[in-house]
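For what it's worth, my numbering labels the leading residue of the sequence shown as 203, then goes sequentially.
Quick caveat, the hints were computed from the structure, so don't treat them as lab data. You may find that some hints are simply not true.
As the list claims (entries may be wrong) - Taking lysine-lysine and the DSSO-like style, the derived pairs with C-alpha atoms no more than 30 Å apart in a straight line are: (1) K505 with K241; (2) K219 with K365; (3) K551 with K365; (4) K316 with K219.
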Amino acid sequence: MNDALANSPFSEAQLSKALSTLEASAQQLRILIASMPPKELLGYVYATLVLGPIKDRKISDEEVPETEIRPKQNLEEAQFLLEYIHAVLATTSTSVESKLDEAVCAEIIRIAEKLKSASLMIAMIIAGQSSEEQFGANTQTFLFHALSTWILMRGQRYQVLEKEFFVFALNPHDDALRRVYGMGALEIAAGIQESADAVRLGHDQAVRALMGSIEDAQRFVASHDQSATEGMAQWMAEHTEPAKRASIAFDDLFQGGICNVSRHTRLPALLLDDLSYEVAEETEFFGPGTYSGTPFRTLPARKKPFIKLDGEHYLTDPSFARDSMYRAMLHNLLIRDIGYSDEFKERQKEWSETAFSNVFKDQFIGATILRECWIPPISDPRFPLNTDPPVL
């Protein structure tokens, strides 16, 4: 037994048992998610964030039993679950004829929270047993922070700047994007922003649209000498556009429609296909081996941010638009246009080396920007490691 294991408060048996429990929880979560209709499940998860308990019951002052209340989640818990919903849909066939069961949905939320907590415990055990010494006495602390950050990182970035980022980052490859996808950097960036905004703002817009249609229908029915059923039928026949908007709003609220990128953006279908998993396409995440199905493996959303459901493309979490879409897009661009590889490398090199000075060009007026600088090896004690370009 090495010194790290001898001094660790955790034994190999504890790690093995905890890991087995973690993998079992991941498989349980997989089975539960796959048993629910995907779109309704997405609608349910977002409802727990923005709508609170929704029950088909009379609203009263009477106390409602705990089991009848839809569980609430905070944003971090929901994002952890949404990434797992994406992972399950990407790896597992779903039940075609299933119906949404709130009890199962509540259990899904509970198991996801359990999986997240257990993952943090595993991170603590792994760090405690590590024999690595790169950072001296602080190595185990650094290792725990690295592992726990990997588990908790979902959505932990500046949001609502997708368009600004993608216009800047995709601009060097504008002509290649137009050649392959028929759309340039500016239009693609706008579409990515629309996809993220649809999730962030979609519920509010849907509620307003639905209430507007309901009020319009009520006024129509009140002005006609008909029953409510007859009046609504006539209103729908004569007001097809408001009725259609109401239907879309209902879908956005309860059927995961806010996640429907095909509906809410003008991004080309070929690009969406390249960025989407088909249901049950991915085979590695829940594949055999250590950490199967756990957050310690790379979740599928890190490779392709969308999932394809019934021929349309869905973004289960708007954070994926920033977290993984850039790498996925460039990766697929090079697959589609093999001859662009050498030119891509040159353009990407030029863009990356000038990015810092271009972003801060107004602050660097008159400054000399040095490029192609030699960085001494990290093992040389005479120089601190610094990878930023020198500015004089």
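Hint check results:
1. K505 with K241: holds, 21 Å
2. K219 with K365: violated, 46 Å
3. K551 with K365: holds, 22 Å
4. K316 with K219: holds, 15 Å
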